[in-house]
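Model the full structure from these sequences, guided by the hints.
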Amino acid sequence: MVTTTNAMKKLLNRVEDIVPESLAGLAKAHPDVVKIDAANNVVLRAGGPRRGKVALVSGGGSGHEPLHGGFVGLGMLDAACAGNVFTSPVPDQMEAATRAVDGGAGVLHIVKNYTGDVLNFQMAAELVAGEIEVASVVTNDDVAVQDSLYTAGRRGVGGTVLVEKIAGAHAEAGASLADVTATALRVNANVRSMGLALTSAIVPAAGTPTFELGDDEVEVGIGIHGEPGRRREKLSTVDEMADWLVEPIVSDLGIGRGDKVLAFVNGMGGTPLIELYVAFNSVARILEGKGIGIARSLVGSYITSLEMAGFSVTLLKLDDELVRWWDAPVHTPALRWGV
Amino acid sequence: MYDKLTAWLRLSAERIHEEATALTALDRAIGDGDHGINMDRGFAAIVATLDETEAPIAEALNEAEASATLLRTAGKRLISTVGGASGPLYGTAFLRAAGAIAAGNGRPAETIVAALEAAAGGVASLGKASPGEKTMLDALVPAAQAARAAIDSGADLAAVVAAARDAAEAGAVGTIPMLATKGRASYLGERSVGHQDPGATSSALLLRALADVASD
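Quick note, the sequences are listed as chains G and Y, same order.
Read in our numbering, the first sequence has 169 at position 169, and its numbers run on one by one without any break.
Read in our numbering, the second sequence has 144 at position 144, and its numbers run on one by one without any break.
Think of the hints as simulated: they come from the structure by calculation, not from any bench.
Note that the structure is predicted; figures quoted are calculated from it, not measured.
Fair warning: there could be bad hints in the mix.
[To be verified] One-sided excerpt, in silico: chain Y residues whose CB lies under 7 Å from chain G:
id: 1; residue: Thr-24
id: 2; residue: Arg-28
id: 3; residue: Asp-32
id: 4; residue: Asp-34
id: 5; residue: Ile-37
id: 6; residue: Asn-38
id: 7; residue: Gly-83
id: 8; residue: Ala-85
id: 9; residue: Gly-87
id: 10; residue: Pro-88
id: 11; residue: Lys-182
id: 12; residue: Gly-183
id: 13; residue: Arg-184
id: 14; residue: Ser-186
id: 15; residue: Tyr-187
[To be verified] Just the calculated beta-carbon pair ranges, DEER-fashion:
id: 16; chain 1: G; residue 1: Glu-126; chain 2: Y; residue 2: Ala-44; range: 21 to 31 Å
id: 17; chain 1: Y; residue 1: Pro-177; chain 2: G; residue 2: Ala-182; range: 37 to 47 Å
id: 18; chain 1: G; residue 1: Gly-214; chain 2: Y; residue 2: Arg-107; range: 53 to 63 Å
id: 19; chain 1: G; residue 1: Val-15; chain 2: Y; residue 2: Asp-216; range: 27 to 37 Å
id: 20; chain 1: G; residue 1: Gly-338; chain 2: Y; residue 2: Ala-103; range: 54 to 64 Å
id: 21; chain 1: Y; residue 1: Ala-25; chain 2: G; residue 2: Arg-324; range: 42 to 52 Å
id: 22; chain 1: Y; residue 1: Ala-25; chain 2: G; residue 2: Glu-126; range: 31 to 41 Å
id: 23; chain 1: Y; residue 1: His-17; chain 2: G; residue 2: Glu-126; range: 29 to 39 Å
id: 24; chain 1: Y; residue 1: Ala-44; chain 2: G; residue 2: Gly-103; range: 35 to 45 Å
id: 25; chain 1: Y; residue 1: Ala-158; chain 2: G; residue 2: Arg-231; range: 45 to 55 Å
id: 26; chain 1: G; residue 1: Asp-17; chain 2: Y; residue 2: Ala-103; range: 39 to 49 Å
id: 27; chain 1: Y; residue 1: His-17; chain 2: G; residue 2: Glu-212; range: 18 to 28 Å
Just so you know, even glycine gets a beta-carbon here, dropped at the ideal spot from N, CA and C.
Structure follows, in structure tokens:
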């Protein structure tokens, strides 16, 4: 099995235009759902700010599509700020987004726990302080990183998608900033993830893979920016590899027999859907063996790392309220149901 | 001082551009492979702003004000264009340095030392980091300390900045055996050991450029 590719065989015009052109394409494909603030590389919900609704703003480096721009629309985000590929967006972008979506009921920033994202969103909140009420929730669901004093903390990965959907539904229902924030925090507290890569990714501006993997090697505990993970293993069956991911998640979340989860098997971008379903089958078998019920599921490439082959598993411990918000209507480029 | 600082910013932009690939390679080993690209973009933006607005900045009240405005402008350009953690951290370093220069006593060597200390302090505070965690601070803090020691022993501007440069370069190399406990490299745990930190490397590069300008 080959893991090297012709590095720059990508669908591009000029490398430096990849972000604006991808945003323009997104808006042209979904003009009823999103519009673009091209000056600031921000994806905005079409139809302008909604008076009285808490607005949700997120963002991050490009290269993780559909996260976050593909999640802008009814029942989810009001704005998504697109940084350069794998690079946090800058405060100017979040400031513009926050001002554009403010409906007078406050704005919730959903921030993945990476130093750059946290610092830039923090600076942006300072820029609107006193004018717009901003709350922030930092997602940190990745169990691959030991949450200790000795790291930058756990990364925000697959759980971020679930936070955006569930908090987005609660906001759409007209809840207050405090309540929407509490919901976002509750999802974050009950979700854990871990990922594994079969190949690296190639950042267009760099032109070469971000790390080298042998034909028979996998990188376990990866993030979403093409950075190496915690350890390297030999490629195994997906039944075994799924266990490398599910075990630490189940253990860290403290779930067991009788608990119900939303099981999210996510493709890193370069893995075909047939393989993701094989992986889901493995995950489902492991959970069945533990007496953990899968009440809801999500399978697909939703938080990606360009063309990286691999997958991540995210488990959210469910209760009736979280199920209700998950099931609520959503209309974004990437997720649509109930409407 | 103003002329030296503009010369430094332009020289830094050139050097960052030359070293962008190398910086990115360092960042690929223990990060996400974009430090050189991001810094290049930021410093190119500074030069573009200088080309457009240098004359008005220079016409400010006095040398100190002009120098402070210059660094503040540079800091803001970095914050608005670099992204990642480097944007806010380097931006804050420049903004704090600008503050020190505005408050300076008119003696260039002492002002530069105060600026270095303010820059290092700003990064430490925003990043909630200290030396030994394998970050840009491992170049900036030794640089500020060496500059202070040099001026306390009567060195002139060129010697003070040379001391800062030497300490920064040694500090950057000194990050090689460190275990990263901050930033993206910290996710790698033990695997971060044995690689030079890209942020410390770019900090040392900037200080080398400053020393070259100061000795002209």
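Results of checking the hints against the structure:
no., hint, in the structure
1, Thr-24, "holds, 6 Å"
2, Arg-28, "holds, 6 Å"
3, Asp-32, "holds, 4 Å"
4, Asp-34, "holds, 5 Å"
5, Ile-37, "holds, 5 Å"
6, Asn-38, "holds, 6 Å"
7, Gly-83, "holds, 4 Å"
8, Ala-85, "holds, 4 Å"
9, Gly-87, "holds, 6 Å"
10, Pro-88, "holds, 4 Å"
11, Lys-182, "holds, 6 Å"
12, Gly-183, "holds, 5 Å"
13, Arg-184, "holds, 6 Å"
14, Ser-186, "holds, 4 Å"
15, Tyr-187, "holds, 5 Å"
16, Glu-126/G / Ala-44/Y: 21 to 31 Å, "holds, 26 Å"
17, Pro-177/Y / Ala-182/G: 37 to 47 Å, "holds, 44 Å"
18, Gly-214/G / Arg-107/Y: 53 to 63 Å, "holds, 59 Å"
19, Val-15/G / Asp-216/Y: 27 to 37 Å, "holds, 36 Å"
20, Gly-338/G / Ala-103/Y: 54 to 64 Å, "holds, 59 Å"
21, Ala-25/Y / Arg-324/G: 42 to 52 Å, "holds, 49 Å"
22, Ala-25/Y / Glu-126/G: 31 to 41 Å, "holds, 34 Å"
23, His-17/Y / Glu-126/G: 29 to 39 Å, "holds, 31 Å"
24, Ala-44/Y / Gly-103/G: 35 to 45 Å, "holds, 38 Å"
25, Ala-158/Y / Arg-231/G: 45 to 55 Å, "holds, 49 Å"
26, Asp-17/G / Ala-103/Y: 39 to 49 Å, "holds, 43 Å"
27, His-17/Y / Glu-212/G: 18 to 28 Å, "holds, 26 Å"
Checked against the numbered hints listed earlier, the structure breaks none of them; every hint is satisfied.
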